[in-house]
Amino acid sequence: MTSLFTDINQEIVSGIALGSIYALIALGFTLIYKATEVVNFAQGEVMMVGAYVNFFFVTQFSGMAGGLNGWVFTAALLGSIIFALLFGIILDYIINRPLKDEPVFSIIMATISLAIILRSLTAMIAGPISLVPVSPFGNNTIKAGGVVISVLDLAIIICAFILMALFFFFFNKTRWGIAMKATSADAEAAQLMGIPVKKVYRYVWMFATLVGVISGVLLAPRMALLDTTMAYLGLKAFPAAILGGFGSIPGAIIGGILMGVIETVSMGTLSFHFNWVKEINDIIVWIVLIVVLMIRPDGLFGIAKVKRV
Amino acid sequence: MLKMIGVETFYGKIKALHGVSLEVLEGQLVCILGANGAGKSTILKTITGLVEPEYGTIHFNGQRIDRMDAEDIIKLGIGHVPEWRRIFAELTVKENLQMGGFLLKEKDLIHERMVEAFHHFPILEKRKDQQAGKMSGGEQQMLAISRALMLKPKLLLLDEPSLGLSPLLVQDIFATIKELHKAGTTILLVEQNVNHALKIADYGYVLTTGKIFLSGTYEELLDEEKVREQYLGEGKYNRRAKVWSG
Numbered sequence: 001m002t003s004l005f006t007d008i009n010q011e012i013v014s015g016i017a018l019g020s021i022y023a024l025i026a027l028g029f030t031l032i033y034k035a036t037e038v039v040n041f042a043q044g045e046v047m048m049v050g051a052y053v054n055f056f057f058v059t060q061f062s063g064m065a066g067g068l069n070g071w072v073f074t075a076a077l078l079g080s081i082i083f084a085l086l087f088g089i090i091l092d093y094i095i096n097r098p099l100k101d102e103p104v105f106s107i108i109m110a111t112i113s114l115a116i117i118l119r120s121l122t123a124m125i126a127g128p129i130s131l132v133p134v135s136p137f138g139n140n141t142i143k144a145g146g147v148v149i150s151v152l153d154l155a156i157i158i159c160a161f162i163l164m165a166l167f168f169f170f171f172n173k174t175r176w177g178i179a180m181k182a183t184s185a186d187a188e189a190a191q192l193m194g195i196p197v198k199k200v201y202r203y204v205w206m207f208a209t210l211v212g213v214i215s216g217v218l219l220a221p222r223m224a225l226l227d228t229t230m231a232y233l234g235l236k237a238f239p240a241a242i243l244g245g246f247g248s249i250p251g252a253i254i255g256g257i258l259m260g261v262i263e264t265v266s267m268g269t270l271s272f273h274f275n276w277v278k279e280i281n282d283i284i285v286w287i288v289l290i291v292v293l294m295i296r297p298d299g300l301f302g303i304a305k306v307k308r309v
Numbered sequence: 310m311l312k313m314i315g316v317e318t319f320y321g322k323i324k325a326l327h328g329v330s331l332e333v334l335e336g337q338l339v340c341i342l343g344a345n346g347a348g349k350s351t352i353l354k355t356i357t358g359l360v361e362p363e364y365g366t367i368h369f370n371g372q373r374i375d376r377m378d379a380e381d382i383i384k385l386g387i388g389h390v391p392e393w394r395r396i397f398a399e400l401t402v403k404e405n406l407q408m409g410g411f412l413l414k415e416k417d418l419i420h421e422r423m424v425e426a427f428h429h430f431p432i433l434e435k436r437k438d439q440q441a442g443k444m445s446g447g448e449q450q451m452l453a454i455s456r457a458l459m460l461k462p463k464l465l466l467l468d469e470p471s472l473g474l475s476p477l478l479v480q481d482i483f484a485t486i487k488e489l490h491k492a493g494t495t496i497l498l499v500e501q502n503v504n505h506a507l508k509i510a511d512y513g514y515v516l517t518t519g520k521i522f523l524s525g526t527y528e529e530l531l532d533e534e535k536v537r538e539q540y541l542g543e544g545k546y547n548r549r550a551k552v553w554s555g
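So the sequences go chain by chain: A and B.
Under our numbering, the letters of the first sequence match residues 1 to 309, in that order.
Under our numbering, the letters of the second sequence match residues 310 to 555, in that order.
If we strip away everything but chain B, and leave its shape as in the complex, we get (with noise of 0.2 Å):
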């Protein structure tokens, strides 16, 4: 379904990618790990055409999109839910889910969309004429993925859904998440709350800085060593920490 290869991406003349390919296939969920700045938001970014990569390919359902501008990239059927959530505080939360269906020319079918986040997330239709910059993290998470499903994307990508959330919120965003891939959309999902991540993806992503590092499904990237040693907590830091001091 979605398909990268060889993609460098560049901040000014900063390389945040260092060719990356990978691969996502229809009704799969696969996720990509890392740690703070090694460019997983900028792969997710580089797909929605918000940044421009400088080398390689990404082709969506077999047509090139890497050079595409953000509008029409989101017209072929990807949804995006950035980085921290980014609602549009001063509007309401009926005026974000408008703007989540922008695309959609009937507004039968925005109000029918809107209903279906309502039934989805009870608390939003409770808040709909309330600022949006005015609710909990939670709430504006939902609100995030709720804008982000209003025009029924194939593919949607999730940029660290539980950032900055209660483990309690956490838990309901991924039972959210686990839910949304039962139903049929096809997830890119970004996280560093690694065990989270790959107990529901089929397949994971290793990133460190701009680089794929390894990839595998869940049983094999838990047997990887180095995983384990540096998104779960269990290796041995003294050798990175030599690696350091030279």
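Chain A extracted, bound-state conformation (with noise of 0.2 Å):
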């Protein structure tokens, strides 16, 4: 039995791993849902378009280095660091300004074709073929407590954890992240403070690109392939933000770290001992939607929703 344990102890510390970049992208969308009431679901494409612009940085840089180190991982990190807020800028110009206003399906409709067109053109400018993504940390582990961690999966956490920390702060601590919470409260009141607020929209956009980028990053080197389903992994980011309660920051970070535990777990504990569900992972997360769904629509954290008209 205490293999069993140690195995649960593992698939925990992987799936927080996992989890985090769901609660990065998570946070992504639900920022931008909060601030603007749109429900991007091209926040997925954001992250795998994140995950190929990185990678095309570090073949570049590694062609000009003349081998991969750490500066060639740094540098391209930074180029899709700048890359990330130019997206920001051009999707808040071409989806948010046009559609904020719009009704829901209208938006939704159009999030899906964003996110259609973006997977299109990301196979037709990379090619059909899958990349195969290269780890700044190699295959290094480290062994703590029975447990053992890949440094990569230990970054992953670290850097989530970084990002979010340096984000509550933002927004809690300074002018223009408190003007983001009081625009997403209240978009006209804030206009009559004379908050810009179009450049607060912007600002939301830029970030969430940004954490969506950044996930992308982190995400690439997990995976044995990088070919543009990898956008589905983001999908799984929506129920989880469900789990923790749709719209509240707290919550998707949370349901976000929640749900990378669940499918690790399940995917590790019972496809190992039951041959037959053996892709329980990629079900899971849609089973638990349902069931949260059904028995705590709020989610975790849910906010009980109060609407002016």
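Keep in mind the hints are simulated off the structure, nothing from the lab.
All C-beta atoms in this analysis are idealised placements derived from N, C-alpha and C, irrespective of residue type, glycine included.
You may find that some hints are simply not true.
[As the list claims (entries may be wrong)] So the derived list for chain A, only partly shown, Cβ under 8 Å to chain B, looks like this:
id	residue
1	K173
2	G177
3	I178
4	A185
5	D186
6	A189
7	Q191
8	G194
9	I195
10	V292
11	R296
12	P297
With the hints as a guide, bring the two chains together.
Quick look at the structure:
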């Protein structure tokens, strides 16, 4: 039995790593939803584009540097960050501005179209083949308390938590952060304070795209092959956000991490012992989604919705 | 100070303002009266650029503002306390005031203005770290006014400050408005509470279905039988009923 137990610990650690990526993606679209009421179904594609762009930078820079080293990865990350911020500005102009006050249905259709366009464009530009992503940390692992954790997973967890901590500091302590909260609570009243809401929306999209792209950069080396199906992983951040309580920022983070753990643990334990549930990880999140919607539709941290007409 | 000429505002295809012209002189307290849905709030929203007028012009201190963005209009020195207060319920009282001073670049100045607000309304200081949405309606109204005063506007637009408040609080709020006016703020007040409003106003406009229907000083308006009939509850409603039944 002890072996099963350490197995579970192992799965939990690995689940937290995967979950922190879900949390980042969920954070991205929760932020957009809260501020602009646009549900961005393309957040997973943003993540995928981020992974591709980072891959591109890594290959370019390693070509220039004559090999892979820490500087190549750092430079590629910086390049991806700059790309993310520009990409956020573009998405604000082409998606957010024209659609902001349209009916929900139009917004959903438009962001789904955007998702498909981004996937196809990526496949067109990068070619139909799968890429082999490289991890900056190789296959190194650390052992702690009977649990083996890969340096990559550790780095993912640390990066995600640093990002979230920065995010919380920004939102609760800075002038622009509080202005974002004010705008998402009542955009009209925010305008009356002289808060430039259009600029706030732009920053929100830039920020959401940034966390999306970074989650792509972090997730890619965890996968054996990089192709456009990676975007579907981003879709799992929706059930994660609903589990946490849609529209709640702590909910997105905790829901994301929980979902990662549920997925990895169910795959690790169940499919290890029962061969026929091999692909359980792909459906478990959707099962959780349905159960949550049935018994607790507001999620763990759900806030009762009061809408002013 | 503020001059609107022939302003027409639409919500989609619905015309909310049918050529409204009005003027507010420096130092005046001007009041807009009218029933629900007459377009009173729309006038204020059009002034601060929350909705854009289709026709007409609005000038503030000689500068045309009817095509400007809300934030630029606020920068010129117009404060707007919206209907139902619209404080940021999730933010603390202090953060609400900070947002009121968003355009102030210096932290000291924000702090200074906040101290002034606390001086005016000591209850706000007691509640400064509390979530604003948890306060009573009267306290929220005080916060909403203080928030708009953070930028020391030259012209203050007040949209039904007495809405949903108990009679005692209504008196307090009107006393505050009077004080602000005395201290030199020009005020454009929208009210349904006609008795209170006209008593403190220098000039009044009566609005019906998006049109200015009457205007004048307190005495002039009181003399108008129509105002008394429609807004002061002294008239014969039968006559109106007959119009409706044809």
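To see whether the hints hold, each was checked on the structure:
1. K173: Violated - the Cβ of K173(A) stays beyond 8 Å from chain B, reaching only about 10 Å at its closest.
2. G177: violated (10 Å)
3. I178: Holds, about 5 Å.
4. A185: holds (5 Å)
5. D186: At about 6 Å, which falls below the 8 Å cut-off, the nearest Cβ of chain B leaves the hint on D186(A) intact, so it holds.
6. A189: At 4 Å from the nearest chain B Cβ, A189(A) passes the 8 Å test, so the hint holds.
7. Q191: holds (4 Å)
8. G194: The hint holds - G194(A) has a Cβ within 8 Å of chain B, the shortest such distance being about 4 Å.
9. I195: holds (5 Å)
10. V292: Result: violated, 24 Å to nearest chain B Cβ.
11. R296: violated (22 Å)
12. P297: Interface hint status for P297(A): violated (21 Å vs cutoff 8 Å).
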